[in-house]
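Residue numbers (numbering that gives the first Met the number 0), protein chains in the order written: chain A, 0 to 220; chain B, 0 to 220.
Don't read these hints as lab results, they were simulated from the structure.
This list has only true hints and no planted wrong ones.
One copy or any two copies: either way a pair holds, since identical chains are not told apart in the list.
Keeping only pairs whose Cα atoms sit at most 25 Å apart, straight-line, the calculated SDA-like set for lysine to any residue is:
no.: 1; residue 1: Lys156; residue 2: Asp69
no.: 2; residue 1: Lys212; residue 2: Ser21
no.: 3; residue 1: Lys156; residue 2: Ala90
no.: 4; residue 1: Lys156; residue 2: Gln190
no.: 5; residue 1: Lys156; residue 2: Thr68
no.: 6; residue 1: Lys156; residue 2: Thr87
no.: 7; residue 1: Lys27; residue 2: Tyr16
no.: 8; residue 1: Lys212; residue 2: Ser44
no.: 9; residue 1: Lys156; residue 2: Leu70
There are 2 protein chains.
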Amino acid sequence: MQRLDIGQKILSENERYAQENSRLLAEKRLVCYNLISSPGSGKTSLLVRTIQALTNQVRIGVIEGDIQTDLDARRIRTTGAPAIQINTQGACHLSAVQVNGALHQLPLDQLDLVFIENVGNLVCPGAFELGEHGKIVVLSVAEGDDKPAKYPGIFAKSRAMVINKVDLLHSGAVDFSVDRAQQDACRLNPQLAIFRVSARTGEGLDPWCQWLKGQAVSVRA
Amino acid sequence: MQRLDIGQKILSENERYAQENSRLLAEKRLVCYNLISSPGSGKTSLLVRTIQALTNQVRIGVIEGDIQTDLDARRIRTTGAPAIQINTQGACHLSAVQVNGALHQLPLDQLDLVFIENVGNLVCPGAFELGEHGKIVVLSVAEGDDKPAKYPGIFAKSRAMVINKVDLLHSGAVDFSVDRAQQDACRLNPQLAIFRVSARTGEGLDPWCQWLKGQAVSVRA
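Put together the whole structure using the sequences plus the hints.
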């Protein structure tokens, strides 16, 4: 019983900040997506490409979550977009209070869309609401097509799935059935929007960017 | 204070079972390694190849940890090796009590080496001792060479690092500096044994298998 009580207290502190983040995003009429994936699925590369493709169309800011280093925020800033780095110092996910601090460091009045790049972890980040509009799961084809079946939680909760590194499929360098991954993910989540991209070559970026643009516009409307 | 007390109680229950596992492994003169990595680094493929390569030399049993499905245990059993599947039902790591139950289901008297394949997660599993002899971190080149710097904990704690999917390097399909990954990992852990393999093509398996054989022999000696 004692364990349950304390679990609830921690959750409710996170929820309180998540609600505050949600309120702040609504006030600023910003859309905010929480990117979740395994380490190395290519979230940062996807963001760099997306920011470049949407220059002069959607003004993007980024909150970077990592256990250590500011490598990712520095990569984002090369595009000219503002990026705030959070180091969790060992923690396996971002919390709403950390995101709250970072939101207040971003120039929110000059943005349309905020991406939160969570710590690379396909399990824990999905359990912590940050006040975002939705979660987006990124899956690299190098990870294998069995991941939706084996890690169902985040695929069930996400608004969109980005299948990344599709350039590796053409060369036959990896064994990955796009059909299997999509079918398993859609079984868990029939409303899931699915995009197939290569952040490395730029393939497939256009539908993804158009969808994001639509999301940003819908919040401004 | 209350939170600290309870944290200690949970840890000590895990530690108690970890000690019991360690005692059981010593009694049976078995070596046991805990494989930790991101989802999709190729742990199961590496095990399948390793079991095949060490047939008639080292008798291997496997404990498979996954959130859902028994896909991995079934893949291991195609080799003829015994495999016990644990489903964590959402939990992001294996616990020592789960491993204890699985050890008692394996034919320990007929084995030399037990692999525990942990839940795919580069963060949380490293914090829970299972009674194993050591941890082995697997890193796929598709994940990027910045992972030791960004997720230092598990690289600092592991006895060995297996850099997998090196076949992707030859085709230029991924950008990954083996030197950078190795240097960052060795800075964290100068004693780390490092192997470069492709579980897909079989490249580099021999030094890895010889090392494992040496580990199994040293426990029997």
